[in-house]
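J.: FYI, the numbering for the sequence shown is 103 to 472, going by this note's numbering.
Do not take every clue at face value.
Said to hold, decoys possible - Calculated cross-link-like contacts (lysine-lysine; reagent style DSS-like; alpha-carbon spacing at most 30 Å):
(1) Lys373 / Lys429
(2) Lys142 / Lys198
(3) Lys373 / Lys283
(4) Lys340 / Lys217
No lab work stands behind these hints: they were computed from the structure.
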Amino acid sequence: MGNTKNIQDLIQEAEENWEMSRLTADLVQAKRKWCNSKYKVQLSSRELDGLCGLLCSYPPCDLAKIMGVKPRGFTVNLTKGLYRYVETLIEERTGKQVKISSAKVASELEKLNYKKSNMQPPKEPKPNNVQITLKLDLKNLSKEQSEVIQAILRQAPGSEQSEIDSIRKGSIEIVLNTTEKGADWLEQLQAIGELEELLGVPVLDVWREKEIVNLSEWVQEAGDLFAGGWQTVKYFLKNLEGDPGAYRFSSAVRAGEIEINDFKAIASCIKLFELQCSQTSEPIPMVINLSSESKQERDILLQVYPSKGERYVLPGLQMLVLDVEDKVFLKATAGEADDYIQLRCCAETGESFSVKLLLDYASVTEYFIF
Numbered sequence: 103m104g105n106t107k108n109i110q111d112l113i114q115e116a117e118e119n120w121e122m123s124r125l126t127a128d129l130v131q132a133k134r135k136w137c138n139s140k141y142k143v144q145l146s147s148r149e150l151d152g153l154c155g156l157l158c159s160y161p162p163c164d165l166a167k168i169m170g171v172k173p174r175g176f177t178v179n180l181t182k183g184l185y186r187y188v189e190t191l192i193e194e195r196t197g198k199q200v201k202i203s204s205a206k207v208a209s210e211l212e213k214l215n216y217k218k219s220n221m222q223p224p225k226e227p228k229p230n231n232v233q234i235t236l237k238l239d240l241k242n243l244s245k246e247q248s249e250v251i252q253a254i255l256r257q258a259p260g261s262e263q264s265e266i267d268s269i270r271k272g273s274i275e276i277v278l279n280t281t282e283k284g285a286d287w288l289e290q291l292q293a294i295g296e297l298e299e300l301l302g303v304p305v306l307d308v309w310r311e312k313e314i315v316n317l318s319e320w321v322q323e324a325g326d327l328f329a330g331g332w333q334t335v336k337y338f339l340k341n342l343e344g345d346p347g348a349y350r351f352s353s354a355v356r357a358g359e360i361e362i363n364d365f366k367a368i369a370s371c372i373k374l375f376e377l378q379c380s381q382t383s384e385p386i387p388m389v390i391n392l393s394s395e396s397k398q399e400r401d402i403l404l405q406v407y408p409s410k411g412e413r414y415v416l417p418g419l420q421m422l423v424l425d426v427e428d429k430v431f432l433k434a435t436a437g438e439a440d441d442y443i444q445l446r447c448c449a450e451t452g453e454s455f456s457v458k459l460l461l462d463y464a465s466v467t468e469y470f471i472f
């Protein structure tokens with residue numbers, strides 16, 4: 103490829119075709135991990151220029167001429183630096199170890215959706231998976247009856263592919279995997295006495311099983327919106343209506359930039375929780391940050407920030423972390439002038455826990471599994 107462009111041309115071309123802000127931010131974190139640095143690092147100007155050139159499919163020898171540096175030294179620096187950062191980023195995102203060369207930089211980063219033409223349209227929030235239980239006044243349920251009931255239950259909105267998860271013996275309890283709308287529909291039919299007529303069997307009660315948020319999805323899946331109403335902090339702040347500074351944490355907390363002591367987050371998500379209490383009418387923001395320490399075990403940093411327009415967290419607000427037996431093992435209480443409260447714990451693969459926000463007699467609980 104001929105030397106027909108200068109470095110500014112390549113920078114402009116890369117900006118037009120690649121999500122450079124996001125990519126460079128992620129490579130900075132990969133560099134820090136590769137260098138095992140306790141301090142903040144940045145990509146050097148030469149690394150940034152080299153990255154832009156490689157994304158524009160220029161080989162290192164041509165880039166060296168454009169940049170006015172010695173080809174051999176430039177190639178060695180790429181091998182020791184930028185290629186290693188890209189490898190680290192790929193391993194963090196996919197779990198795969200890929201050997202990077204100049205020819206692979208653009209194609210591998212394109213696979214990670216950093217190229218603008220490959221960017222997918224914003225995802226719709228995933229429908230909340232809900233388990234709902236129907237208690238029937240039956241001693242036995244035949245295979246034919248269960249098939250008929252499942253076919254009828256699939257009439258619930260959004261439940262065309264729903265499956266009966268289990269049938270518990272005794273008075274017969276059918277546990278159905280469905281959606282939020284499907285669960286609402288079944289509850290309404292039960293409330294007006296029509297569910298029993300629809301199914302053709304006596305229905306004693308209907309209730310929802312607790313919804314469990316799978317934290318591993320935040321790390322394994324690309325996107326900004328997740329089940330249960332969770333979204334990335336970056337996406338939340340970007341889409342705030344009006345003044346983004348209405349939330350106190352907006353200037354202090356950004357996805358991928360959580361650095362508290364030795365905690366480095368690779369996923370940071372937020373959800374707003376309603377507490378039915380007299381102290382506030384605004385939802386309370388909770389942020390959960392996941393570290394990259396291990397695939398089998400991750401550090402978790404739980405944070406609660408002031409509600410919209412408030413300077414401090416509501417005094418007396420408690421954040422409790424409970425184990426699978428609902429026993430409290432961590433607790434934080436907001437004082438009179440706390441900017442935030444936080445708790446730190448860890449979870450192994452398959453481990454469940456819950457987080458409760460409590461103020462006076464009002465509370466809300468969220469259930470998680472890693």
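J.: Against this structure, judge whether each hint is valid.
T.: Evaluated hints:
Of the supplied pair hints, the one linking Lys373 and Lys429 holds, its CA atoms being roughly 23 Å apart against a limit of 30 Å. Under the criterion of a C-alpha separation no larger than 30 Å, the hint pairing Lys142 with Lys198 is consistent with the structure, at around 26 Å. Taking the CA atoms of Lys373 and Lys283, the gap is about 20 Å. The hint holds against a cut of 30 Å. Between Lys340 and Lys217 the CA atoms are separated by roughly 20 Å; this keeps the pair inside 30 Å, and the hint holds.
Checked against the numbered hints given earlier, this structure breaks none of them.
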